[in-house]
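Asks: Chain B: place on chain A using the hints.
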Amino acid sequence: MSAEPGMDGGAPRVSVVLPTFNRAAVLPVAMRSVLAQSFTDLELIVVDDGSTEDIRGLVQASGDPRVRYLRQERRGVAAARNAGVAAARGAYLAFQDSDDEWLLDKLQRQLEAIAPTDPDHMVLCGLLRVRGRSVSRYPARIPPSGRISHAQVLSYPFAYVQTWLVPRTALLAEGGFDESMRNWSDWEMLIRLSRRLAVHAIAEPLVVSVQLPDSLTVVNPAWIPAMEHILSKHAGHLANDPAAAADLRYAYARLLLAAGRLPDARAVLLRNLVRRPWHWRSAAVAGLSLGGRGLLERALGNPR
Amino acid sequence: MVSGDAGPLVSVILPTHNRASLLPRAIASVLAQTHANLELIVVDDASSDDTPRVVGTFADARLRYVRLEQNRRAAAARNVAIGMARGPLIAFQDDDDVWLVDKLRRQVACLEQGDDRVGLCLCAHLQIRPTSVVRVGSPEAFRSLDFRRGPLAGFGLITTPGWLARRRALEEAGLFDERLRCWDDWEFALRISQRTQFAYVDEPLFLHDRVFGGAMWRNEAAYSHDMRIILERHGALWQDHPRQLAALQFIVARSEARFHSTREARRWLYRALRLDPLQSKAWALLLGTLGGTGTVSTMTAAWRQARGLLAR
Numbered sequence: 012m013s014a015e016p017g018m019d020g021g022a023p024r025v026s027v028v029l030p031t032f033n034r035a036a037v038l039p040v041a042m043r044s045v046l047a048q049s050f051t052d053l054e055l056i057v058v059d060d061g062s063t064e065d066i067r068g069l070v071q072a073s074g075d076p077r078v079r080y081l082r083q084e085r086r087g088v089a090a091a092r093n094a095g096v097a098a099a100r101g102a103y104l105a106f107q108d109s110d111d112e113w114l115l116d117k118l119q120r121q122l123e124a125i126a127p128t129d130p131d132h133m134v135l136c137g138l139l140r141v142r143g144r145s146v147s148r149y150p151a152r153i154p155p156s157g158r159i160s161h162a163q164v165l166s167y168p169f170a171y172v173q174t175w176l177v178p179r180t181a182l183l184a185e186g187g188f189d190e191s192m193r194n195w196s197d198w199e200m201l202i203r204l205s206r207r208l209a210v211h212a213i214a215e216p217l218v219v220s221v222q223l224p225d226s227l228t229v230v231n232p233a234w235i236p237a238m239e240h241i242l243s244k245h246a247g248h249l250a251n252d253p254a255a256a257a258d259l260r261y262a263y264a265r266l267l268l269a270a271g272r273l274p275d276a277r278a279v280l281l282r283n284l285v286r287r288p289w290h291w292r293s294a295a296v297a298g299l300s301l302g303g304r305g306l307l308e309r310a311l312g313n314p315r
Numbered sequence: 008m009v010s011g012d013a014g015p016l017v018s019v020i021l022p023t024h025n026r027a028s029l030l031p032r033a034i035a036s037v038l039a040q041t042h043a044n045l046e047l048i049v050v051d052d053a054s055s056d057d058t059p060r061v062v063g064t065f066a067d068a069r070l071r072y073v074r075l076e077q078n079r080r081a082a083a084a085r086n087v088a089i090g091m092a093r094g095p096l097i098a099f100q101d102d103d104d105v106w107l108v109d110k111l112r113r114q115v116a117c118l119e120q121g122d123d124r125v126g127l128c129l130c131a132h133l134q135i136r137p138t139s140v141v142r143v144g145s146p147e148a149f150r151s152l153d154f155r156r157g158p159l160a161g162f163g164l165i166t167t168p169g170w171l172a173r174r175r176a177l178e179e180a181g182l183f184d185e186r187l188r189c190w191d192d193w194e195f196a197l198r199i200s201q202r203t204q205f206a207y208v209d210e211p212l213f214l215h216d217r218v219f220g221g222a223m224w225r226n227e228a229a230y231s232h233d234m235r236i237i238l239e240r241h242g243a244l245w246q247d248h249p250r251q252l253a254a255l256q257f258i259v260a261r262s263e264a265r266f267h268s269t270r271e272a273r274r275w276l277y278r279a280l281r282l283d284p285l286q287s288k289a290w291a292l293l294l295g296t297l298g299g300t301g302t303v304s305t306m307t308a309a310w311r312q313a314r315g316l317l318a319r
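Going line by line, the protein sequences match chains A and B.
Going from the first sequence to the working numbering is simple: count from 1 and add 11.
Going from the second sequence to the working numbering is simple: count from 1 and add 7.
Covered stretches of chain A (chain B as the covering partner; in silico rule of three or more C-beta atoms under 8 Å from a C-beta of chain B):
1) 36-45
2) 110-118
3) 137-149
Label-pair ranges, simulated between beta-carbon atoms:
4) B/151 x A/82: 45 to 51 Å
5) A/124 x B/310: 40 to 46 Å
6) A/303 x B/156: 43 to 49 Å
7) A/206 x B/95: 54 to 60 Å
8) B/236 x A/151: 39 to 45 Å
Simulated from the structure, these hints should not be mistaken for lab results.
These numbers were taken from a predicted model, which means no experiment stands behind them.
Glycine included, C-beta positions come from ideal geometry on N, C-alpha and C.
Chain A on its own, in the form it takes in the complex (with noise of 0.2 Å):
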């Protein structure tokens, strides 16, 4: 429907980097969502983070010329997605993972958005997220405006990659993903690009991630050295910015709090009303801790 594919040597305009480690059953859907976007001026780059299964065989079963099969040896997602960005030859980048599927429109859309007067910024989309009988829809909120300011970001610890629509040359600009982290290494990476860009979504979802019940994890342990890795890593401007420094550390001592270590979650609480003592989340969850993990399980429930 749209531009003809640059199947003609020519760079396309969008590279859509897949990295996979095995999935080679939901692989299928998630490739084919890609190749069948109305938006045709494509080229899907599949990683392999050096899965057991043949997913080799399954990319060179689509048949389709704009699919390009990179292997690497096992070294977690955000090498496999550096990887994929490093061979991409496309002026924006959008990411695909395994178990997702995109509407068919979504490239269309995202690019649709972009203001051709201000071709560099960064546009998200809506999100349907199936866990199980459970259904949810990001983001939440998108403010009339569409732009999602830093803070923002800064504040919800789900970046949702799948959703992306990113100038290559912004990403490499921030040295891509953190290799360096085995949990959020997509949030991280959105923090640094909403420095240097404007972020701007489109509420509508063009996403479903279906995720197996079984991966039903509430919180996961591993987001607290993630978390602790980005309030080091960005110590420096978080210093210049301190509301979004304290909801940061709250979202932290929420994370504590979760994995039972309730002397480390007020001691993480008691520094930010130290410096913000309006910072009325923290005041609120401080004082329910002291009654214990029971009345605060009671009235958070589990963080998120």
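Replies: Here is chain B on its own, set in the frame of chain A:
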């Protein structure tokens, strides 16, 4: 890719009327299916908008386009397409829905692994609302599917975009009743259920956009017309269930009171109350009809508002 040209031919039927702006999404989501062995029959129910041109933009040999010169509504449009269908399996798409790309493959597998007694396979779907999303369908809802409760209960699961049917089952059950305006799918599913079994895939396989597509759905003015036909055709179903019958008669009465004739409304209320004198909603409506149609609309609006406030 996944199935190539393998598997049985599925005829996908898409009736449409003046939805040129939504149609491309609905069509594209069918043509991109991983179960590629399909034909898509778009029945243009006398649209006056851009529909013919929009359909023409799809260069796919599997797409067939039929135009009805007079508007005959969805039931008739679907019957025309069933008559043209070449596949042993038939699926239905609506112009405001989006299929996920694995939908047909999953439902074909469900029908193929089941025995011949299964004539219709249903699936779950996601209903997109302005700021939220709802999953329609669950194993419990499927197991407790009971047509005696009428077209309002469990109706979400019966909606045609969720169907994959054997053509034989549709033909033997006698096609859609073209007199019906809003419950044609429910009434047809009832007849299919009397001859074959249903199966169900408990995974959301399509998206229904309430934001754009909700208008046609709640066509309460047509309720009294449709329910009369249903009660006439299937009255025996409620012979031993007077309370359920009274609840359906109440639906006729409410639609009459709000949109058509208070006299008719009262007639149906008397019937309903004779069967189930404790139906408080029916007494309230009877009281309302004494003041004329305007009163009922006002009361309904007030009731909905009060319920909305309580739900908040």
